Amino acid sequence: MTSAGLLVMLLSVGTVVILFSWCIWKVLTTPQETEKIHGTEFETPDIESDK
Numbered sequence: 002m003t004s005a006g007l008l009v010m011l012l013s014v015g016t017v018v019i020l021f022s023w024c025i026w027k028v029l030t031t032p033q034e035t036e037k038i039h040g041t042e043f044e045t046p047d048i049e050s051d052k
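Sequence positions in the sequence shown follow the numbering used here and run 2 to 52.
Hint data in this document are derived by calculation from the structure and do not stem from the laboratory. Predicted, not measured: the structure shown is a model, and the values here were computed from it. Mixed in with the good hints, there may be bad ones.
Said to hold, decoys possible - Distance ranges between label pairs, derived from CB positions: (1) L29 x G6: 47 to 55 angstroms; (2) V28 x T3: 34 to 42 angstroms; (3) E44 x L7: 27 to 35 angstroms; (4) A5 x K27: 28 to 36 angstroms; (5) G6 x T45: 46 to 54 angstroms; (6) T45 x L7: 49 to 57 angstroms.
Where a beta carbon is used, it is the ideal one built from N, C-alpha and C, also for glycine.
When you get a sec, could you build the whole thing from the sequences and use the hints?
Right, dumping it as structure tokens:
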């Protein structure tokens with residue numbers, strides 16, 4: 002592998018690792034995020050409500 006190829010590979014892998022780490026950190030350190038999560042209840046046409 003040439004030095005240019007190694008540099009591109011290291012930059013690519015480094016960028017992905019930094020982005021992944023930032024996402025994990027953001028999810029774990031956001032305060033009171035569980036209060037903003039809303040569930041959805043789907044009612045499909047094949048379910049009859051009068052059963």
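Now the hints, each set against the structure:
1. L29 x G6: 47 to 55 angstroms: violated, 35 angstroms
2. V28 x T3: 34 to 42 angstroms: Check passed, 38 angstroms falls within 34 to 42 angstroms.
3. E44 x L7: 27 to 35 angstroms: Given about 55 angstroms between the Cβ atoms, the range is violated.
4. A5 x K27: 28 to 36 angstroms: Check passed, 33 angstroms falls within 28 to 36 angstroms.
5. G6 x T45: 46 to 54 angstroms: Because 52 angstroms falls inside the window, the suggested range holds.
6. T45 x L7: 49 to 57 angstroms: Taking Cβ atoms as reference, T45 and L7 lie about 53 angstroms apart, which means the hint holds.
Taken one by one, the earlier hints fail for this structure at numbers 1, 3, listed in ascending order.
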